Structure formats: structure tokens, C-alpha cells
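Number of protein chains: 2
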Amino acid sequence: MDHKDASLQEVNAALQAAQVAYLSYKNISGKKKAEFLNAIADEIEALGADLITTAMRETNLPEARIIGERGRTTGHCRMFAKLVEEGSWVEARIDTAQPDRQPLPKPDIRKMSAPLGPVIVFGAANFPLAYSTAGGDTASALAAGCPVIVKAHPAHADTSELVARAIQKAIEKTGMPQNVFQHLHGKSFEVGQALIKHPLTKAVGFTGSLVGGKALFDAANQRPEPIPVFAEMSSINPVILLPESLEKDFEKTALMLASSITVGVGQFCTNPGLILAVDGNGLKNFIAKLGEEIKKALPGTMLHHGIADNYHRRVAQTLAQQGIKIESESGQKGENNQGQPLIASVSAQDFLKNHLLAEEVFGPFSLIVKCKDVTELNTVIIHGHGQLTSSIIGSEEEISTHKNLLNVLVEKAGRLIINGVPTGVEVCPSMNHGGPFPATTDSRFTAVGTDAIKRFVRPVSFQNFPDTLLPDELKESNPLNIWRYRNSEWMKK
Amino acid sequence: MDHKDASLQEVNAALQAAQVAYLSYKNISGKKKAEFLNAIADEIEALGADLITTAMRETNLPEARIIGERGRTTGHCRMFAKLVEEGSWVEARIDTAQPDRQPLPKPDIRKMSAPLGPVIVFGAANFPLAYSTAGGDTASALAAGCPVIVKAHPAHADTSELVARAIQKAIEKTGMPQNVFQHLHGKSFEVGQALIKHPLTKAVGFTGSLVGGKALFDAANQRPEPIPVFAEMSSINPVILLPESLEKDFEKTALMLASSITVGVGQFCTNPGLILAVDGNGLKNFIAKLGEEIKKALPGTMLHHGIADNYHRRVAQTLAQQGIKIESESGQKGENNQGQPLIASVSAQDFLKNHLLAEEVFGPFSLIVKCKDVTELNTVIIHGHGQLTSSIIGSEEEISTHKNLLNVLVEKAGRLIINGVPTGVEVCPSMNHGGPFPATTDSRFTAVGTDAIKRFVRPVSFQNFPDTLLPDELKESNPLNIWRYRNSEWMKK
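Protein chains in written order, with my numbering: chain A, 6 to 498; chain B, 6 to 498.
Keep in mind that the hints are not guaranteed to be accurate.
Same chains, same label: a pair holds when it works inside one copy or across any pair of copies.
Said to hold, decoys possible - Within a straight-line C-alpha distance of at most 30 Å, the following computed DSSO-like cross-link-like pairs (lysine-lysine) qualify:
id, residue 1, residue 2
1, Lys31, Lys408
2, Lys408, Lys111
3, Lys480, Lys408
4, Lys497, Lys36
5, Lys31, Lys257
6, Lys480, Lys31
7, Lys36, Lys111
8, Lys417, Lys219
9, Lys294, Lys480
10, Lys417, Lys459
11, Lys253, Lys111
12, Lys459, Lys87
13, Lys417, Lys358
14, Lys289, Lys480
15, Lys202, Lys358
16, Lys480, Lys253
17, Lys219, Lys459
18, Lys497, Lys480
19, Lys111, Lys358
20, Lys294, Lys111
21, Lys36, Lys480
22, Lys87, Lys480
23, Lys498, Lys36
24, Lys301, Lys111
25, Lys87, Lys497
26, Lys459, Lys480
27, Lys408, Lys358
28, Lys377, Lys417
Note that these hints are calculated values from the structure, not bench results.
Bear in mind that the values here come from a model prediction, so they are computed numbers and not experimental data.
Next up, chain A with everything else stripped away, as it sits in the complex (with noise of 0.2 Å):
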């Protein structure tokens, strides 16, 4: 279905109802924004197969996935609700009154996490359930106070309508504020940057392309009053195999990223775009078994044309540069709007020489870069940009050996893995799903997991205030029953 392009007009009368929404939204207990999410879920699972056919159609993912995605949204919806229903994330720290201080009495001062006020998500094309409409951005904002306008993304702008309707009934049954949650459609960067530029935007959230990120990004800066903008953007999450353990696991290593390369065609933030290992046999039998798999993996309908072609054309690009060698590619040659699998290899000289080749290519491709020793591998991750991951695939003992490794990695990525891939990404408190830039713009913050809900707060303190007028998170007989830091000690009192 062809969705009309939302006009400036329409732009603002969202933002001036998002406003209205906000100023009783702000107010509404954790328990009632609690039902509201839950009934978010309960409503997106209602949609039932009409959401999957529809999904299915504008994505060309399968089924399977699709139905996975389905239930990591409803499931962090109502992780959100249970966050929020129990209350205490909102970091209620409270300093009491001492008035026979000297030289000067102390006055009673107690703070807490406050939204920020309306916040514009952007449609993610490569998760149309889990990072669009009703997308863990979504939840958090929904979460945390702020009313959201969700700018859908064209290449599944069908999927997207359906959850806007699911949300719009939850909103009804819940009795939360008319246009707590609105939703756009726009096919053309001006609706993007209209959202962006109006004075009642408070927040931004985005995952997407690095070019799309960084003008989102720079827009927000540029306005009178600067906004934050939490974009995920790019990342190639290095993965680097120590040569003792690859020697003896070349076999289960090469099973294990074959998967991970080549799991929902390559399209993921997390997938592993580059292997770090020293060059010897182990790497030699790894490459070959690697190989093998790649060749026998088959290429997979990409999320959208504009996917396909990007992906052929990085690739191309890239095979096109200096000491770049293919070393497996699918078996079988794909359609126009497939990915095909490929592995190619460089060594860590012409890699350093060479700052394309850092760059992301979207899709079932890995670079793998052939280092000298482990020192030169050192130098390649030093050199490298940000990025929402690092993994490490060797033994403890290994690993305790090149611990600096370790060290330096840490410095570039949100998240360390050890024997693991970075696809598959929890959604639990522990979760940071974020990193330096590029790989978000502000490494400060979680786009999964609980505290993905810190992007849209800010705190606020409230002096003096009689008991009456704190908000009940702050009152002295913590009605609540939440955590609080109360005179430098956390209590549930």
C-alpha cells in the first residue's frame, strides 16, 4: 500500500498534540504506564498472522524469524512495564535536611529521573518488529514519561501501520493520553529533518546507516536548542581468534562464524564484518573450514532492493582494493536482490593502509586479516574505529597471556565477548548494546535492555519541598516501596 509522505503541517500538529500528550503523560504512575505496555504486547500478539504475512511480504525474512522478532518486542514491552511498575530505575537519591549545620543549615534535597518530553523514533529497516514501531526505542520513551512519533520506514511501511494500530488500541484500553504515540510516514529526508528541527522534539532515537545517523545527528546540533540523538549506526565487530586455541578449535570455530555470518543474510549491526588472527596453520585450517561453509551457505533475499544493491556494491568495492583476496564465496550465484556469502582475506599491512576497509559492508560478508603476531594484531584493534562489540575466541589461559589484548579492546567496543559471536543480542539489564562512535553517537548510552530507558531522562531536584508536593517516588514514607539512596546509603525506606 502507498502511504502519503506526512506534510510540514502534519509534522507540527503531531508535535503540538505530542505536547499536550506529554503534559499529563509525565505524571501517570508507573503502575498505569506498566498496563499500558503490557497492552501493547497483548495487542501486537492479537494482530496474530496478519502482522507475519505482512512483515514477511515487506522484508523477505522468514516466518521463524519473523515470529522470534514478534516475541522479543512484546518481550521487551513488558519488560519495560515491570521495570516501571517496580520504580525504583527511576534513582530517587535523597539528602535530608540537617538546619543546625555551620556555617549554613542544609537544606532537604531529593532527585529523581524526569522524560525528557516528546521523542521522534526512526523505523529501523533490518528489525521491522523489535526496532521500529513498537521497537525497543519505542518502549523505552513509552517508558520513561515521553510521548513518541514514530516515522516509519518506508521499506515496511505496512508492517509498521498495523503496530501503530495495535499501540492506538492499547492506548484506548488503557486510558493513557490521545496521542501519547503518533505515527508518520515519509518516504523523503525533509519529513525526517522537520521532525528533528521542531522546537517541541526533545529526543531522538534511530538506528540505521551511518551516513543517515550522523545527518540526524548533526541536524540536532545544529538546532537553536541542541537535542540528543542516541543513533546506532556501524559496526564490523571484530573477532579475534588466538592462534594456540585455533590451532586445536579451528573446526568448532569456523562452524560457530560461519553461522554468525551468514544468520538473517548478514543483516544485523552485530554481524562479524572482521577476523583478527595470526597467520600460521591453525588460521590456515580455520580459512578452509570456514570456506567450506560459506560455499555451501545459500544467498538470501536481502531486506529491500536499496540493501541488495548497497551490499553488491560494497562488496565490489572492496574486492577491489590492494592484497584483497576472495578466499569462499557462496556456491550458488544469487538473484539480484540477494546476498551471496563471501569471505575474503588481506594482511593487517595493506588492512592499516587502507581505512575502506574498516568500513561496514551490510550483509553475509567478513574480512579476514592475516596479522604477523599478535603484537601487529594489537595494532590493528588500536587503530580501529568504535564498535558495539569485540570478540575474543580462545582459551582462559591464552587469553590471561595477551590480557593488554584485553585492555586495548575494551577501549573500542560496548561489549566484550569471550568464545562467543556478537549475533544474538539479550535483552536483560546487563545488556549494553551501544559503543564508541561510529558505532553509536554516544557511547554514554544503551539502545537494548533496561537501561536503554536512561537515553530519555534527565534528573531533576526538587529543594525544600513539603511532603505534600514531592512526586511519590521522592515522598518521606516511600509509598512506592522502591530503592532510594537515602543519606549516602541505598534502603528500601
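Let chain A serve as the given structure and place chain B on it in line with the hints.
For chain B alone, kept in the frame of chain A given last:
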């Protein structure tokens, strides 16, 4: 003493040295960092009278103020020492493995805060000690595990040198990595820009003017790798006087505000530059009483000539605007380098038409906005900029009948105060010294209090790590005995 500006070579050498220091400092235990921060406090005290007289000479601030500020500086160093020694500030989150989970096993994931890397701190003109060399930015960055390079404020470069030497002594006495703290001079714009643009710089702390802070913010965002800048810039700290309470308490309120407007020659970012009230007898009496006090107040020598010139220029500019009436000024004419207390008034109508009137006049000046009624007062708040603070003076009962004022006010400020003045910023966990732009460049952080450390850290997740390779904060046995969020429960296990 004349201090030479750092050359570009010196800037580069400083960042290279900071990075070397960083790679060892970031792994130093909280206990060792606490020793270092406590030693900084001790060494600052050991500077004795030399520090006091030097700071007095350079800033024209009186002895009592400098002594107070020294206490505040050593106080926050010791506060951060206590925070990192205790250790729970890292927000450890642990989700243990579930190998039997269906359809996929769940890996063990653990997360904690890690330092960002080398931080640049710009000394503040108005706080030669507490927001300069060993100020809140430096102390919180060092506590976070980040090396610091301070660019001394040229107006108190000798004071800055003394404190830098004290920190150097603390480095030596506690065996910290060389160059974990460095000190550069720079009167020119270029030194600051070079520091911010250096690729090894990872974050910036600044307190000063809107123009200065915004220039640093823009430079940081235009880097190939943007970095966070926390700039605390501009605030006029509206004080709202509710009409019924004002009729009764005009005298007490006037005394309280007179003192807040004139303290420290008004050279505080929390100076109450805007007073909003409903026109009537209460306000008339209040202005008369406040006027008396302002007339009695003496002109004071300002921090330096530039600040005095700017104050005179901005006062004259404000007084030349339409509808402005001088209500009172100091009875004594000040010298060129002095700030003369002055209050003026304007109608809400004229105020709303003229954006210049909402801009900060740094010094002992306050503008009273006369509103027809509380509705018009509300309109003035809605159209106002972001602020560090907003205050309401009124009885609990009267505030309760105008609760919507609070609902709107909280959108505009980082700290709300009831029946108190904005000056006097407590250093404690519940303090938020921050606020929406242009008060700061990022309302999600505070510059004062324990949470100031959050500006300089980012979360890092460790997935599937053997216990021996985890940081102590995340080890299974909880050897540091810190509070951790383990499987979604807070515990000291």
C-alpha cells in the same frame, strides 16, 4: 606572572602522555583512586595562605569566600574518594547464564561503568578553586578513571599553577601514573580548540559563557569522532513569587532575594536574574523593600575587567529596551571594575516581546517581570529558556492551588526550589546542577554532586567471561562487596 600559551606540539604531547597514563590508570582500584583524591585534598590544604592570597589577588574575591571555596574543593575531592572507595557507583548489573533456556541458551552477561579516556577541563572564571583546576569536573573525571588535562583560566593562572602543583605532589605521593593530570595555559582560542579537536580527547568539561560553551560543543560535534561536551553555560534562575504569600511575606522575601542577588557580586551561575510576580500591593511592597536593600548594597569588584565591562554593557543594553524601568540601584557609584547592584522591572507583555530580556546579565542584576495574573505568569514560564534552577516562593497551600505551575516549571529547570533562593549549591548525591539548554549542553547530566561522575563513563558488557578475566566489580564472589543488580534484584552479593 605571565604564562606562555601551550603550543600545538605541547597540546599533542599532553594528549599522547594522557593516553599512556590512561591505559594504566583506568585499571587502578577504587581504593587507590580514593587515596589519590584524598591526597589532592590534603595537598591543596598544605598550600596554606599562599593559595588564599594568590586567589584573592587574581580574582578580587574576599578571603572568606576563597577559604569557603577551598573547603568546597577539598570537600568534593574527598566525596569522590569515598564514592569510588565504596565502589557501588559503577552500576554493576549481572545476569547469570541459563544454559537450559529454550529455544536458545542464555549466556552470562555482566555490565559496569568504564572510563571514557582523557578529559579536557576548562577552568571557570567565577570559581578559581571549586570549578577550576581541582574543581568538580577534574575530581569527577579522575574518580571515573579518566586522566585530566586542565586548561587554566587565564584570569587566575597563578592560582591554577599552585593547585596543579598540589595535584602533582599527590600523584607522586600515591604512586599514580605520571601525567594522569596535566596543566596547560592558553589565553588564545586556539589552545582550547586544539585540545578539543585532538583525536585522543574523549570528553570535555566546561563552565562559562554561552558563547564559549557553545563554541566548544560545536567543535566537539564537528570532529570526525564526535565527543561529549558537558558545558554549563547560562541561566537566569527565575524566582516566582505567588501573590497571596507575597502580600504577607514581602519583607522576608525581599531580604532573602536581596542577599541572593548581591552575594559574590552576583557572579554565580545560580544568581536569581529574573523575578516573576503578579502585579498588586504585595509586589509593590516587595519592590520597595528590595529596592531599599539594593540601595544599601555596595558595588563590588568583579572577577576581572572583562567581566565588569560585560556587566556594564549588558545592564545598559537591558535598560535601553522598551518598557524597562529602573526600580533601584546601589546608592554608591562603583569603579570601572566594579559591579553595581541594580534591579529593574518590565511588564510581562514587553518581556515576552523581547528575547534579549531573557538572556543572562552576569552580575548583581535582577529583572522583575510584572504579570497581570497567574495565567500570564504561566505564559512567561512556558516561553522561557532552560535553566539550572527555578524557585517558587509561596505557602504550601498557595503552591498547591497553582500546582500546574510546578508541572510547567519542571520542564524548564534542573532543580526546583520552594521558599529558598537558587544560590548555594549543595554538593551531595541528590544535587542536580544541570538543566535544559542553554543552562547546559546536555540536561541528562549534573556538574555537581556524586552523579557528576556519570559524564565521564560509559557502560561495558562482558559476555561469557571466565571469572578470572572479569573486573573485580563483576566477579562472582563480589570481592569488593558492592551493591549489584543481580538477576533483576539489588543485592550486596
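Any of the earlier hints contradicted here, and which numbers?
Hints 5, 9, 14 and 19 contradicted; others consistent.
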